[in-house]
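These protein sequence lines are chains A and B, in that order. Under the working numbering, read the first sequence as residues 1 to 459, first letter to last. Under the working numbering, read the second sequence as residues 1 to 317, first letter to last.
Source of the hints: derived by calculation from the structure; they are not laboratory data. Heads up, some of the hints might be wrong.
[As the list claims (entries may be wrong)] No farther apart than 20 Å at their CA atoms in a straight line, the calculated lysine to aspartate or glutamate pairs in the EDC-like style are these: (1) A:K200 to B:E60; (2) A:K95 to B:D156; (3) A:K435 to B:D156.
[Said to hold, decoys possible] Simulated DEER-style distance windows between Cβ atoms: (4) A:G119 to B:R30: 53 to 61 Å; (5) A:T382 to B:V164: 38 to 46 Å; (6) B:S53 to A:G119: 26 to 34 Å; (7) B:C48 to A:T91: 45 to 53 Å; (8) B:H180 to A:P441: 15 to 23 Å; (9) B:W151 to A:D439: 46 to 54 Å; (10) B:A45 to A:P441: 53 to 61 Å; (11) A:A60 to B:S53: 38 to 46 Å; (12) B:C48 to A:A392: 35 to 43 Å; (13) B:M297 to A:K238: 30 to 38 Å; (14) A:D147 to B:L40: 49 to 57 Å.
Everything numeric in this text was worked out from a predicted model, so none of it was measured. All C-beta atoms in this analysis are idealised placements derived from N, C-alpha and C, irrespective of residue type, glycine included.
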Amino acid sequence: MHVFQRSKALTIAATALAVAATATGCSSSKSSAAANVDSNAPVTITVGCEPPTSQAQPRANWLADVAAFEKLHPNITVKSDDANPCDDPTTFNAKLASGNMDDVFYTYFTDGPNVVASGQAADIQQYASQINNYSSIQQSLLDVYRDGQSSSGDLYGIPTGNYSLGLVYNKALFKKAGLDPDQPPTTWDQVEQDAIAITKLGGGDIGYADYSAQNTGGWHFVAELYSRGGTAVSADGKSANFDNAAGQSVLEFLHKMRFTDNVMGTNQGLVYNDLLQMMASGKLGMYVGDPSTLTSMHSQYGTAYDDLAVGPMPGATATLLGGSGYMFNKKDTPEQIEAGIKWVNYEFETSGIGQFDYQRLSSQNQPVGLPEPDLWQGAVATADNTAKAKYANIPTTNFTAYVNALPSMKLIIEPPQAQAIYAKGDAAMFAVLSKPNADIPGLLKTFAAATNTILANAQ
Amino acid sequence: MATTINVSAATAYDARAAARARRRRVPLGRRLRKHGTGYLFILGAAVCFALFSWWPMVREVIMSFQKTNFAGQTKWVGFENYRHVFADPDFWAAWRMSGLFTLFALVLGFAVPLAIAVVLNEMRHAKGYFRLLVYLPVMLPPVAGAFLWRWFYQSDDSGLFNMVLHDLHLPTIQWFQSSHELAVLCLVLFSTWANMGSSVLIYLAALQGVPGELYEAAELDGASILKRVRHVTLPQLKLIISLMLMLQVVNTMQVFLEPDAISHGVNGTVSVVYQIYDYAFSSLNFGNAAALGILLMLVLMIFSGIYLKLARSVEED
C-alpha cells in the first residue's frame, strides 16, 4: 500500500509537472517564473486549514498527504495549522496584521478581494505557470483572486473549492405528492406549484422554506436576485442595485408563498442548519442550497442520499458562486511561495490525489460523486469527471439536472462587503416572511440605504 | 447623621494628611527597601490592569478616530466614524431595543429575584432545596440555555410553549414574529430565568444581615408580612438594592447573548452591542465598532454618575 501510494504520487507529480510546464500564463505582464529561486534549498511553510482532530478521517488523510508530499520534495517541510474554523472573521484581520497568518493561508472567496486590497498577500502572478492545470481552471474562480477581480489583474491566490447554489429537493416528498422526482422545477413558478402540491400532503409538510437570520437571509436574497437577472451592487461596486423590479420580485414571490399560498410554514427567522434539519427530517420539500449540503444531511442526520437531489437554481440563467482557496503571506520568500504552490498543487489541484483521491475516499466510505468542487473546464474537467464516476458511491443521477444546467448559467460572485450587506438583508427577508402586510418597497428602500452606507463606508 | 458623616470625613482627611507628611519624611530608597515586596505585588497587578484593561480602553478611544480593519493602512479620520454610526439607519433602532430590554428587565429581572429572595427567606422548610432550584440555571452554560429557549419559542407546534398552549386548546403564539415588544419580552424572560439565581443569593445574603429583632418588634406591633417587607426588609436592603439596580441597568444595556443566540436579531432585536459586533465582524469596520462602543460607554458612565449622585443625596437626606 505504502509503495503503491509513493509510486502513484510520483507518477502524478511527474504528470503534474509536465502539465504545469506546458501551461500558459494569463494576460499579465509577469508571466515568467521568478528568477533566482533555488528550488532545491531547504524551505519550511506553514499551511492553514488542517482538518481538526474531531474529523479523524480527513485529518489522517491530510497527514498522510503531508508525509507523501515531503518524501516527494525532501527539501520542503510542511507545518500544518489546525486552527478551526479555517477562516474566522473575528480573528482573520488581526492575524493578518499581527503577522500570525500562515505562509499559505486559507480564505473564503468573500475575503480574497479584501486581503488583496489590504496589501497583506503576495502577488503570485509570476509563479502562475507553476499552478497545476492553470490554463484549465475556470476563469471566474481565478478572477476572485485577481487584483480588482478582473481577468487582467495580477493573481494573489489559488481557488481550491467552489460551490454554486441550486435547488435542493426531497425526492421522497416529491414522489408522495405525485411529482416527478427526476424533474425538479426549473422556474420559480414551478417551485410555487410544486410547493403547493407538497404542502397539500398535510401532516406539517412544508413545500419550500427560506432563511431570514444570521446573515443567511441576505445571502439567499442576493442569490435569488441573481436568478432573476438582478445584481446586488452597481457595476462600479459603489451602490446598491436591488431597489428595482428584480429585487421587488424576489420579496413579492416569497411573501406570496408565505401568506397567499401558505407553503412556507409559520416558523421563520431560520438559520443555516434549520433548513438542513427540516429537510433531513423529511418535512421540507425544497430550499435553495448547494450539493455539499446533502453530505452534511447524510453525515449529521443519516438521511439517505437516494431521498435527496439537487436541481438548478430556478430560472436556470444565473446563480451565486462561492468557495475558498489559498493565498500567500506577503512576507513569504520566493522559495516559500514556490513550495506553497507545490503543496497546493499536490493537495488540491491534481485529479487522483489529495482532495481528489477518489479511490481513497471511496474505500473510506466518504462521499464520491458530488458535482463540486468543480475547478476545471475542458479536457481536464472531463478526465476528472471520468475518474470520479469510476469510484462514485452516491447516486450521481440526483445531480443531473444541476450539472447539465451549470455550463449555460452565469456564475456570479458575492458582492463586496457581502457579510455586512447580508446582515442588513435579513431584516427585509424576515419581514416578508413574518408580516402579512409587509411594505415591500419600503423594505427594499431601507435595505438599499443601509447597503449604500456600508459600501460608502468601505471605500 | 449628616454631622457624624462630616466629623468622620474630617478625621479621615486629617489621618491621610498625616500619613502623607510621614511618607515625605522617609526617603524613597528606604521605603522601597522596607516595602519592596509589597510594591512588587502592586506592580504585577498594575501591569495586568494596564495591559488587559486600561490599554484596550485607550486603544478603543484611539481606534474610534481611525479607519482601520487591522490589515490595511490605518488612517486618522476625526469624527467620521461617529458620523457614520449616527447616520446608520439602524442606530436608533438598536438603542431602542437595548432600552426596551433594560426597561423590561428592570420590571421583571429586578423585581422577581427580590421577591423570590424575600419568599425564600420567609420559608421554614426546604429552603436549601428551593435555593438550589433557583440557582440551577446559572450553572447551565448560557449558550446551552439560550438554545434550549430558542426551541421553547419555536413558532410552530414543535416549540415547548406552543405545545403546551396547543394541548390546553389555547391559540398558539408566534413569539418572535407577532410584535417587536413581545420579541424583546421573550428575551427578557430567558435572561431573568438564566441570571436571577445569582441575584437571589445576593439578596438572601443581605437578608441574613437584617436584625431579627426588627421583625420581632414589627410582629409585636401587629404588622402583616407585606408591611414587614415594606417597613423593615426594603429599608434595610436599600444599599444593596440600589447597587443591584445600577449593575442591572449597566449589564442589561450591554445585552448581546440573547438576541444573538435566541432571536438572531430578527424583528428589531438587534441591540447596541450586537450592532457593535456586526460592525466589527460582518463589516470588518473596527472604527465604527469602536465609536459605537465609546458612545455606549459614555451613556453608561453618565447614567452611573447621575445614579450614584442621586443615591448619595437621597442617603444623606
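A quick look at each hint next to the structure:
1. A:K200 to B:E60: Given that 20 Å is the threshold and the Cα spacing comes to 56 Å, the pair is violated.
2. A:K95 to B:D156: 43 Å, violated
3. A:K435 to B:D156: With Cα atoms ~16 Å apart, A:K435 and B:D156 stay inside 20 Å; holds.
4. A:G119 to B:R30: 53 to 61 Å: 56 Å, holds
5. A:T382 to B:V164: 38 to 46 Å: 59 Å, violated
6. B:S53 to A:G119: 26 to 34 Å: 32 Å, holds
7. B:C48 to A:T91: 45 to 53 Å: 23 Å, violated
8. B:H180 to A:P441: 15 to 23 Å: 21 Å, holds
9. B:W151 to A:D439: 46 to 54 Å: 31 Å, violated
10. B:A45 to A:P441: 53 to 61 Å: Check passed, 59 Å falls within 53 to 61 Å.
11. A:A60 to B:S53: 38 to 46 Å: For A:A60 and B:S53 the Cβ distance comes to about 44 Å; the hint holds.
12. B:C48 to A:A392: 35 to 43 Å: 58 Å, violated
13. B:M297 to A:K238: 30 to 38 Å: The hinted range 30 to 38 Å holds for B:M297 and A:K238, with Cβ atoms some 33 Å apart.
14. A:D147 to B:L40: 49 to 57 Å: Roughly 54 Å apart at Cβ, these two residues keep to the hinted range, so it holds.
Checked against the numbered hints listed earlier, the structure breaks hints 1, 2, 5, 7, 9 and 12; every other hint is satisfied.
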